[in-house]
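Novice: Which chain is which? The protein sequence lines are A and B, in order.
Take the first sequence: its position 204, counted from the start at 1, is 204 in the numbering used here, and no numbers get skipped.
Take the second sequence: its position 156, counted from the start at 1, is 156 in the numbering used here, and no numbers get skipped.
Every clue listed holds true.
If chains are identical, the list can't say which one is meant, so a pair holds when it fits in one copy or spans any two.
With a straight-line Cα cutoff of 25 Å, these simulated DSS-like cross-link-like pairs (lysine-lysine) come out:
1) LYS133 / LYS276
2) LYS173 / LYS208
3) LYS189 / LYS133
4) LYS333 / LYS276
5) LYS276 / LYS112
6) LYS256 / LYS237
7) LYS225 / LYS173
It should be emphasised that the hints constitute simulated quantities derived from the structure, not laboratory data.
Quantities reported herein were computed from a predicted structural model and do not represent experimental measurements.
Number of protein chains: 2
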Amino acid sequence: MISVDEALERLRSSNRVLVDTETIDLRDSLGRVLAADIVSAVNVPPADNSAMDGYALRCEDWPGPDHALEISQRITAGTPPVPLQQGTAARIFTGAEIPPGADVVVMQENCKTDGRCVWINAIREVGGNIRPKGQDVRHGAIVLNAGHRLRAQDMGMIASLGIARIAVLRRLKVAIISTGEELVEPGNKAGPGQIYNSNRYLLEALLKNWGFEVMDFGITADDPKIISDVMSEASRKTDAIITTGGVSVGEEDHVKAVVESLGRIELWRVAIKPGKPFAFGEVLGTPFLGLPGNPVSAFVTALVMVRPFLFDCQGVSHADIVPLRQIALFDKKGSARQEYLRTRSGSNGVEIFEQQSSGVLYSTTWGDGMVVQRAGEDITKGSMVDVIPYVLFN
Amino acid sequence: MISVDEALERLRSSNRVLVDTETIDLRDSLGRVLAADIVSAVNVPPADNSAMDGYALRCEDWPGPDHALEISQRITAGTPPVPLQQGTAARIFTGAEIPPGADVVVMQENCKTDGRCVWINAIREVGGNIRPKGQDVRHGAIVLNAGHRLRAQDMGMIASLGIARIAVLRRLKVAIISTGEELVEPGNKAGPGQIYNSNRYLLEALLKNWGFEVMDFGITADDPKIISDVMSEASRKTDAIITTGGVSVGEEDHVKAVVESLGRIELWRVAIKPGKPFAFGEVLGTPFLGLPGNPVSAFVTALVMVRPFLFDCQGVSHADIVPLRQIALFDKKGSARQEYLRTRSGSNGVEIFEQQSSGVLYSTTWGDGMVVQRAGEDITKGSMVDVIPYVLFN
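If we strip away everything but chain A, and leave its shape as in the complex, we get:
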């Protein structure tokens, strides 16, 4: 057996996929990956502006609380100001540009006015209530780096720089091929010995959520010729091929022979539970990842192994996940493999789903994350453990 870390190292060091760049509307960019740094061509804010509704003046001109200043202009957000007449104040609103000559804004709660003049109780130091030009972002600053996956706030940030179209990496295309004579699609009647194909739904949703384009090749019969045709087509049309089932050491597995004849395959026994058998190779130059047919094993290996590999292929710079630490509410003996226990977190700690058999897909829907239990490490109630909420895999 090889460790999870070693398997990941082998997978990720072999990555040779490079996706093209395309230019898209910022509005369509959620979850897309930047192909180039975002460099600001503007200052944000573009000019000094008021943080308050109030009055702008020059500190030196303040005559004290008992004397009035004439209100010489009125500046709303979006209206360009004129230079401030010496010895006067400007009525000003939040976000409005500070007029040349003013160096402080007094909030209106500290003022009295008769509409023509203003009496100011107290002023702050020079610069008070003024948001300086370039405070948020300076002209020329790198705001986001190439390889960053865009979130809502990143899109807001880019918009605030005046940028409406951006260069991103083309979505990675991923093929899903389900193998197994026993599989039948949901919506049909399952005969004796048949089970429903759940991996296809599970994997397609995971891959789409990660921002990839998915080509689903359905269920392929356990026939070498058919598997070979489907694999060849997938290698021409996609950037990576994922299969489920068909890569254990059983006699009925034809995937291995086919991949060998079209490229190269390594069968790994990874010290991961659930999920031990894992195949890696290439089909006519396209990376090939063979997951176990068992849905829980397919789910866990997709999160732990497939995700970082495909994110590398997609050009994502930070695909690694840092587990959280939480108190275990259960005891669990360690095993020879690194276990991904399906769990649920609460304010008191993390509890385990009682049935951890890899056949029980319900263990993944019951909870909200997984505890990572290292090989040979026992977990005792009350100890701190590593937890990965499923949302961290988004």
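For chain A, the structure is supplied; the task is to place chain B on it using the hints.
Specialist: The following block gives chain B in isolation, referenced to the frame of chain A:
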């Protein structure tokens, strides 16, 4: 000022939106909300099946390690077995159905065979290596509840029950209206006193990520007639209206008067930072939420206030977020408001972005989450604080 909790309580208790049910393909259901419980009409697995590649037999028939059993049938996954002939073994593969009469599977590593007969070194107790029928899900069990937002593994689970179409709640339709004469859309040239409209991009992405349908009404001029027309149209076409800007107490804010004339508006001063001014009401019967124009304030109030309200409207049953606990790597005095500090988490603890001014949108893109600092509570380096990674808001 009212507390964040009180504001949330008022918002959420006033919710009257009910969305219809629609039936969709399971494949399109990622992020959708179940309109009804998912009840299993099948057992998963549908029959006892083998957890291993090996040999199925009746424990009683085992003749000991030195005597062979005849191999009377060969059962692959997907092939219905025939009843096991007494005193024989069946060759069986992982996932294949156990033949009537057999009560144990021996893994092939514990067997020798000449192709016709099998010698078995040792057997396990009755039931060994057999995954019992209904182990994952029993017929009639509720697998997922109405109000659940579907994740990839939930879709796999539903597929495993043979269900291909499901009843979900129609996507909530949300209107976004940006107000402010100073706003200009990205891609255009910003004149003096103008700033780019970032809220539209930020909010649209957040709302779409939450599974809502977004109708964007663009930037509305600071003109009561125009605002009124846009609001009326939005109330006819959507389930909820969100505005940014125009609800502070400044003289230039027309939104308040318009909403008052078309329905009802409350202006709240919420003890939240960033984000104090918040408007809530209705426009011709449609809920109205008025966010601050400042992008950081809009972002924080969208996550903290808008998200739970809209998830309630959408029928999501579990919209609440449980913060994580992490060590603070910074000192920060408390204030009169509950602060949402923009932070970044590492393995040593959580660090703060130095510039917490609400004008600095970059504070939200720099990091990966927020520390919640309660009103009046000081944070000292080394103490435990509540952290909400942004991904938890997904």
